[in-house]
Amino acid sequence: MDENGTIINSEDIEKVNEKLVKEFYRHMVRIRTFDRKAISLQRQGRIGTYAPYEGQEASQVGTAVALGESDWMFPTYRDHGAAMTFGHSLRNILLFWNGRNEGCVPPDGKKIFPPGIPIATQIPHAAGAAFAERKKGTANAAIAYFGDGATSEGDFHEGLNFASVFKAPVVFFNQNNQYAISVPFEKQMNTKTIAQKALAYDIPGVRIDGNDVFMVYYETLKALERARKGEGPTLIEAVTWRYGAHTTADDPSKYRDQSESNSRRQETDPILRLERWMKNEGIFDEKWQMAIEEEAAAEIDKAVGEMEDFPPADPAVIFDYVFAEPTWQIKQQKEEYLKLIGGGR
Amino acid sequence: MKTAVGAKTMTLVQAITDALDTMLNEKEEVLLLGEDIGRNGGVFRATDGLQTKYGEGRVIDTPLSESGFVGAGIGMAVNGFLPVIEIQFLGFIYPAYEQIMTHASRLRMRTMGHFTVPMVIRAPYGAGVRAPEIHCDSTEALFTHMPGIKVVCPSSPYDAKGLLIAAIEDPDPVLFLEPMRCYRSAREEVPEGKYTVEIGKGKKLMDGDDVTVITWGAMVPEAMKAAKQVKENNVHCDVIDLRTLFPLDKDMIAESVQKTGRTVIVHEAHATGGVGNDVLAIINDTSFLYQKAPVERVTGFDAPVPYFGFEDHYLPTPARIQQAIEKVMKF
Chain A
200 MDENGTIINS EDIEKVNEKL VKEFYRHMVR IRTFDRKAIS LQRQGRIGTY
250 APYEGQEASQ VGTAVALGES DWMFPTYRDH GAAMTFGHSL RNILLFWNGR
300 NEGCVPPDGK KIFPPGIPIA TQIPHAAGAA FAERKKGTAN AAIAYFGDGA
350 TSEGDFHEGL NFASVFKAPV VFFNQNNQYA ISVPFEKQMN TKTIAQKALA
400 YDIPGVRIDG NDVFMVYYET LKALERARKG EGPTLIEAVT WRYGAHTTAD
450 DPSKYRDQSE SNSRRQETDP ILRLERWMKN EGIFDEKWQM AIEEEAAAEI
500 DKAVGEMEDF PPADPAVIFD YVFAEPTWQI KQQKEEYLKL IGGGR
Chain B
2 MKTAVGAKTM TLVQAITDAL DTMLNEKEEV LLLGEDIGRN GGVFRATDGL
52 QTKYGEGRVI DTPLSESGFV GAGIGMAVNG FLPVIEIQFL GFIYPAYEQI
102 MTHASRLRMR TMGHFTVPMV IRAPYGAGVR APEIHCDSTE ALFTHMPGIK
152 VVCPSSPYDA KGLLIAAIED PDPVLFLEPM RCYRSAREEV PEGKYTVEIG
202 KGKKLMDGDD VTVITWGAMV PEAMKAAKQV KENNVHCDVI DLRTLFPLDK
252 DMIAESVQKT GRTVIVHEAH ATGGVGNDVL AIINDTSFLY QKAPVERVTG
302 FDAPVPYFGF EDHYLPTPAR IQQAIEKVMK F
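Chains as they are written, first to last, in the working numbering: chain A, 200 to 544; chain B, 2 to 332.
It cannot be assumed that every hint is accurate.
No more than 25 angstroms apart at the CA atoms, straight line, and that leaves these computed lysine to any residue pairs for SDA-like [stated by the list, open to error]:
{"#": "1", "chain 1": "A", "residue 1": "Lys335", "chain 2": "B", "residue 2": "Gly58"}
{"#": "2", "chain 1": "A", "residue 1": "Lys366", "chain 2": "B", "residue 2": "Thr145"}
{"#": "3", "chain 1": "A", "residue 1": "Lys335", "chain 2": "B", "residue 2": "Met147"}
{"#": "4", "chain 1": "B", "residue 1": "Lys204", "chain 2": "A", "residue 2": "Trp527"}
{"#": "5", "chain 1": "A", "residue 1": "Lys530", "chain 2": "B", "residue 2": "Ala255"}
{"#": "6", "chain 1": "B", "residue 1": "Lys202", "chain 2": "A", "residue 2": "Ala338"}
{"#": "7", "chain 1": "A", "residue 1": "Lys533", "chain 2": "B", "residue 2": "Arg321"}
{"#": "8", "chain 1": "A", "residue 1": "Lys309", "chain 2": "B", "residue 2": "Lys331"}
{"#": "9", "chain 1": "A", "residue 1": "Lys396", "chain 2": "B", "residue 2": "Ala255"}
{"#": "10", "chain 1": "A", "residue 1": "Lys366", "chain 2": "B", "residue 2": "Arg40"}
{"#": "11", "chain 1": "A", "residue 1": "Lys366", "chain 2": "B", "residue 2": "Glu36"}
{"#": "12", "chain 1": "A", "residue 1": "Lys530", "chain 2": "B", "residue 2": "Met147"}
{"#": "13", "chain 1": "A", "residue 1": "Lys530", "chain 2": "B", "residue 2": "Thr145"}
{"#": "14", "chain 1": "A", "residue 1": "Lys428", "chain 2": "B", "residue 2": "Gly81"}
{"#": "15", "chain 1": "A", "residue 1": "Lys530", "chain 2": "B", "residue 2": "Pro248"}
{"#": "16", "chain 1": "B", "residue 1": "Lys331", "chain 2": "B", "residue 2": "Arg321"}
{"#": "17", "chain 1": "A", "residue 1": "Lys334", "chain 2": "B", "residue 2": "Tyr55"}
{"#": "18", "chain 1": "A", "residue 1": "Lys533", "chain 2": "B", "residue 2": "Val31"}
{"#": "19", "chain 1": "A", "residue 1": "Lys366", "chain 2": "B", "residue 2": "Gly42"}
Honestly, the hints are just simulated from the structure, not real lab data.
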């Protein structure tokens, strides 16, 4: 699908049905609404520093919808759009951004890892969890998300090598948003693409338009299918763009001309593009659009309320999850601290 | 030598193999990962014969990739397995430090117990075997400082087997340090089959009322030599092998130093930031008023572990330990 929503490669398009398309659209609107709300909450001091993903919705939704219920997800701090599409709780995602580890607990049965913070470190975890699935003889797979800068880290290479040696059923999903904070792609690496790094591990490497939700969805499905058949990992490079800052503590105008973000909003925006396609197909209904926008806003407002009504931080949490059984140091420190503050809450 | 029923006389490294064999046999979730541990049986032969017995699916030769296979081990541990990882030498663990510090040790905290890492990392450590540079580090304090991981260091075959089995059964990550200098230096009777030695408990190796000598790992035999030497001059040492470096056996330390009032701490690691300082803190917190002399520390120097041509100068010796014992006695 090109910028105008015209199909230029029809290989998979016949599999697209209206229900699935509307699902993509609804999820992309939902996660974009969340992202904008979170930035506004941060500006009002109602959550902490926040990492936005606006512009990358097709990459996050396309992958998350492709996953099976029992698959593993290893997101980074910029992939909560994928996590919430896969079924993570909005309240918990907000709690995470408000400094609460309660937010890293996924809903029951959802194998969603807490966001990877040190760059690329989640890549070996995904390889290991996927290898474990293979050893158990299941058809489950794992997906690891990471950015362009992560491919310079040792753990990217160690994780891909490990997974390729052991044919671990894992999809390495790179969102190349072309900046690692301030350093642009061409200063990050000498290679022309990220996908070509797959060659070094003799695994398939594909470079796709990460703002085309169809492309993301079908390439992820193909990679998952390979993984489930025991054919090993795939590296997908989804080329995309973050419109905004690295985090709310960052000012992108210091390192790039933000007019490019503005022109990309008009031309290659993932939601607008799908909308154009739907209009071409005659399946876009403005009433429906308004309804899903309202539904998303209401759901997010409710989650914000739940986050803000959440019980205040219980200091016992600091001590109670270091080990299964606290050591004497932790017991003593907890007791002394709770006594100091008057028995805790 | 008489062998008890159901026991075998073996070296420390054989006791490690026996523990791994016992647990591979006991729990199918246990699997071994590391460099050269399969067909080769590990550079110290700690996994000798185990791949033949349990197959390549459970005794797994990994790529040369410490961060990669420790990270993958974390992924396997959260997904139902009990990985026991061999780092060839402690001096090569540093690429995996990030994985241990930012994930293995804090995943339970991050997810309030939803994801946990029941994983053991085994690493031979220490100088004194004429090994090349970086193969001789004793950097246990880098890990005892890290919340969320236990650090164990046996000095005898019996303890090595019992502690390794306890480490494999522990629900949290354990760094299991093996004094390579003790791998084959002594033999003792080790029971067949499964038994555990509790993590967090020291062992009294000699009873005495005059001086407490606290040590662990490869310094245990050195401290014992010094203690036997001073006994000839009628100085009686309470010698403690800590066996676990986190959490330290506070009660055993306090009980002994309250009895003797004089303490010598011996470790081969650098003095500054060493685990000996945590022992000192326990003495301060529990037994300050019982002290008759300032605590002496006999340690490696605050210099990088030297090339082996110099290691006899670097490592604490029975003579240095004896001198420290005499100093606290004379104070």
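Structure-based check of all given hints:
Note on Lys335 of chain A and Gly58 of chain B: the hinted pairing holds, with a Cα-Cα distance of about 11 angstroms set against a maximum of 25 angstroms. Distance hint between Lys366 of chain A and Thr145 of chain B is unfulfilled; the C-alpha atoms sit about 35 angstroms from each other, more than 25 angstroms. Between Lys335 of chain A and Met147 of chain B, the direct Cα distance comes to roughly 32 angstroms. Violation of the 25 angstroms bound is thereby established for this hinted pair. Annotation: proposed proximity of Lys204 of chain B to Trp527 of chain A holds, straight-line Cα distance about 18 angstroms (limit 25 angstroms).
Of the pairs offered as hints, the one joining Lys530 of chain A and Ala255 of chain B holds, with about 18 angstroms between alpha carbons and a cut-off of 25 angstroms not exceeded. Restraint check for Lys202 of chain B and Ala338 of chain A: the C-alpha separation of about 44 angstroms exceeds 25 angstroms, so the hint is violated. Only pairs whose Cα atoms come within 25 angstroms are accepted, and Lys533 of chain A paired with Arg321 of chain B is rejected, the gap being roughly 40 angstroms. A hinted pair counts as satisfied when its Cα atoms are at most 25 angstroms apart, and Lys309 of chain A with Lys331 of chain B does not qualify at roughly 65 angstroms.
With a C-alpha separation of about 57 angstroms, the suggested pair Lys396 of chain A and Ala255 of chain B falls outside the 25 angstroms cut-off, and the hint is violated. For the suggested pair Lys366 of chain A and Arg40 of chain B, the alpha carbons sit about 21 angstroms apart, so the restraint of at most 25 angstroms is met. Taken as a hint, the Lys366 of chain A and Glu36 of chain B pair is honoured in the structure, with Cα atoms around 18 angstroms apart against an allowance of 25 angstroms. Restraint check for Lys530 of chain A and Met147 of chain B: the C-alpha separation of about 17 angstroms stays at or below 25 angstroms, so the hint holds.
Between the alpha carbons of Lys530 of chain A and Thr145 of chain B the distance comes to roughly 17 angstroms, so the proposed pair stays at or under 25 angstroms and holds. The suggested pairing of Lys428 of chain A with Gly81 of chain B holds, with an alpha-carbon distance near 21 angstroms, which does not exceed 25 angstroms. A threshold of 25 angstroms between alpha carbons decides the hint, and for Lys530 of chain A with Pro248 of chain B the separation of about 12 angstroms falls inside it, so the pair holds. Between the alpha carbons of Lys331 of chain B and Arg321 of chain B the distance comes to roughly 15 angstroms, so the proposed pair stays at or under 25 angstroms and holds.
Restraint check for Lys334 of chain A and Tyr55 of chain B: the C-alpha separation of about 14 angstroms stays at or below 25 angstroms, so the hint holds. A threshold of 25 angstroms between alpha carbons decides the hint, and for Lys533 of chain A with Val31 of chain B the separation of about 34 angstroms lies outside it, so the pair is violated. Restraint check for Lys366 of chain A and Gly42 of chain B: the C-alpha separation of about 24 angstroms stays at or below 25 angstroms, so the hint holds.
In this structure, the hints that do not hold are numbers 2, 3, 6, 7, 8, 9, 18, in rising order.
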